[in-house]
Amino acid sequence: MATDWTNDPKAADKALQEALEDQLKKYPDRFLKEAKSDGKVSFNGDKSPFYAIQSYVWCGMLYPDNDADFQKKLPESRFKPLEVVLPKIYEDTKNALVAVSDSCHKFSSGPMEPVFSYASLVKKYAVNAKTSLGADDGLGAQLKTLTSDKYKNKDSIDDDFEAAKELAKERLEELKSDAKEKETQSDTLRTQLQNFLNETEKNKTVVTALNQKYLSPVTDSGGKQYSNAMVYLNHELADLQKKLKDAKDEADKVTRELKEQEDPKGWKFWATLLSGPTGALDLFLKLKDFKDAWEKWSTQNKDTADIQQCQTTVTALEAQIGDLITRMTKAVEGIRVIQDTFRHLGESLDPVIKAIEKIEKGTSSPLAAIRKSNISHGVQDAVTKYDEIIKEAEDFAKAAQIKVVDA
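Residues in the sequence shown are numbered consecutively from 623, following this note's numbering.
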């Protein structure tokens, strides 16, 4: 659902706060920490989005997802002074931010939460299903009965064997049906994620070009050159943009230092900028320096501040979008791999079901050893597939930088 921007200038902040509170209710483990000494639980103090994917999406939702609301929030008249040196900058800004916002709103209200919970749910399902195959009760016990040497002879068949046969077949059919359902769900989620990825790749071209336009040198009608359009608009912005650059450089440094751990945190800089302090002390101090200067300056330069906020948002999106595309690409491939394994899982259960179906009612197969072998090997194949799914779920989460909650 799109945010209502019409009458509330704080709509974006409120939308982000509501989303955060909703996340806290649904997934408290993401925001709470337990003290090792006394076991007391407390808020971890991090009000930023929990995942880099969220940071980009929330940043993308700071502006309206349609032209009409964008024009109400930020009238074209505000950009008239800037268009003297940057023709069509308002139209380009509106088109870029509306396109990103539309894409992010759809993703946020659709597949975003399923993506975050996908690995945990898949892993939990696979662990439980695998456990059931070897359990001492339920399906595990029934399979042990069907492969027991007690029933090698025809006259040894009893009611326990017949009951185990029917119950095992029924449960295996359920597991096969579950695998098909998970395959279908994975395909749907993969398609939704691919659509978001396609939109993001398209938006990347537009956002990158727009960011470059904002940051490139400009020349006024008198031939005087300025480092960029914002400095032309208000010379006081030169110092402000330097403070922003210092903070961004520190964020990039943090990202480079953590790249080796495959856990870059540069996105937290933008989360901090847009929704509250977090991260390393040096980064926080540089960011605070920028934010203090920004707040003091913006109160005296409201109209220009709105344009500066636009440019900052464009820069934030451009800085995150490349990493997001990398994560999304890996996530799409990860879901495809899991989807294929679910299909193979259903196929591996077929021999077990068929081996049980071949046991004639009231008699024991003269080839009891073959029956036992078919069932045992089929079960082992299924266990192997469940192990693959568990590993693939963990690989998917690592590639997309998403937390896995163990079963």
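Hints should not be assumed to be uniformly reliable.
Said to hold, decoys possible - Here are the in silico distance ranges between beta carbons for each label pair:
(1) K867 x K1013: 21 to 31 Å
(2) L743 x K710: 45 to 55 Å
(3) D777 x S995: 19 to 29 Å
(4) N817 x S998: 38 to 48 Å
(5) I947 x H857: 33 to 43 Å
(6) K824 x K710: 15 to 25 Å
(7) K864 x K1025: 47 to 57 Å
(8) T1006 x L743: 39 to 49 Å
(9) N688 x D842: 47 to 57 Å
No wet-lab data here; the hints were simulated from the structure. Using N, Cα and C, we set each Cβ at its ideal position, and we do this for glycine too.
Okay, the hints, checked on the actual structure:
| no. | hint | result |
| --- | --- | --- |
| 1 | K867 x K1013: 21 to 31 Å | violated, 43 Å |
| 2 | L743 x K710: 45 to 55 Å | holds, 46 Å |
| 3 | D777 x S995: 19 to 29 Å | holds, 22 Å |
| 4 | N817 x S998: 38 to 48 Å | holds, 43 Å |
| 5 | I947 x H857: 33 to 43 Å | holds, 36 Å |
| 6 | K824 x K710: 15 to 25 Å | holds, 19 Å |
| 7 | K864 x K1025: 47 to 57 Å | violated, 36 Å |
| 8 | T1006 x L743: 39 to 49 Å | violated, 21 Å |
| 9 | N688 x D842: 47 to 57 Å | violated, 34 Å |
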